[in-house]
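Make the full structure from the sequences, and use the hints.
Protein chains: 2
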Amino acid sequence: MPEPVNLAAALATFTDHWAQRKIAEVNDYEIKLAKVQGEFVWHKHDDTDEPFLVISGRLTIQLRDGDVALGPGELYVVPRGVEHCPRADEETAILLVEPKGTVNTGDAAGDRTVGVREL
Amino acid sequence: MPEPVNLAAALATFTDHWAQRKIAEVNDYEIKLAKVQGEFVWHKHDDTDEPFLVISGRLTIQLRDGDVALGPGELYVVPRGVEHCPRADEETAILLVEPKGTVNTGDAAGDRTVGVREL
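Taken in sequence, the protein lines are chains U and F.
Be aware that the first sequence starts at 33, since it is given in this note's numbering, and climbs by one per residue.
Be aware that the second sequence starts at 33, since it is given in this note's numbering, and climbs by one per residue.
What the hints contain is simulated information worked out from the structure, not anything from laboratory work.
Watch out, some of these pointers could steer you wrong.
Chain copies aren't distinguished; within one or between two, either way the pair holds.
What the hints assert, rightly or not - Here are the computed lysine to aspartate or glutamate pairs in the DMTMM-like style, where the Cα-Cα straight-line distance is at most 20 Å:
1) LYS132 with ASP60
2) LYS76 with GLU150
3) LYS76 with ASP99
4) LYS132 with GLU122
5) LYS76 with ASP139
6) LYS132 with GLU71
Given below as structure tokens:
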């Protein structure tokens with residue numbers, strides 16, 4: 033049987049930015065945590081919508097049409113195929129739910145591409 | 033384009049217990065909120081794992097092998113096929129992520145069966 037996960041305790045186990053940690057599986061999806069700070073890369077996911085739930089801090093999801101600003105307890109789903117570039121001006125913790133195998137950089141594979149890690 | 037969702041604001045729009053509200057879609061999944069209090073019914077979902085993330089309050093997920101106790105910021109995934117009965121001794125807000133069409137009472141359809149509502 034799976035163990036319960038305390039999000040704060042899980043977040044306390046790592047310090048690096050933009051590398052996602054898997055905390056649970058739901059069918060063929062993964063629930064993941066990440067700490068982010070600074071600007072990521074512009075990219076899109078042609079095969080999946082991408083939800084961002086801010087746990088702490090502030091996340092700006094830059095879209096070609098304008099920015100979406102999220103604080104703690106706020107959720108935004110970037111639709112599949114929509115270019116976006118997350119940015120966090122302070123260290124920010126986010127929760128993600130995505131199909132297994134989703135690449136963090138979508139169609140923009142490069143030096144920011146990092147696989148999902150175990151806690 | 034979807035709008036961002038503030039979980040607290042979304043929770044403030046309803047008061048009834050155990051009726052799930054859809055706040056976002058991710059592919060063929062729904063992200064939902066519910067307020068719960070009291071005891072639900074024993075049931076299982078043969079076709080899907082079921083994650084519970086506690087936003088506020090305290091949730092006890094009763095399993096045949098023992099209880100899982102969750103507070104704010106704690107997550108537990110009930111595996112598919114596992115009988116469970118959620119209970120909340122105080123009003124508790126939870127976030128769920130499930131495939132569209134998942135029935136809240138799983139295999140125990142009855143007077144506690146309620147479809148997912150729009151916010």
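- Indices of hints not satisfied (ascending): 2, 4 and 6
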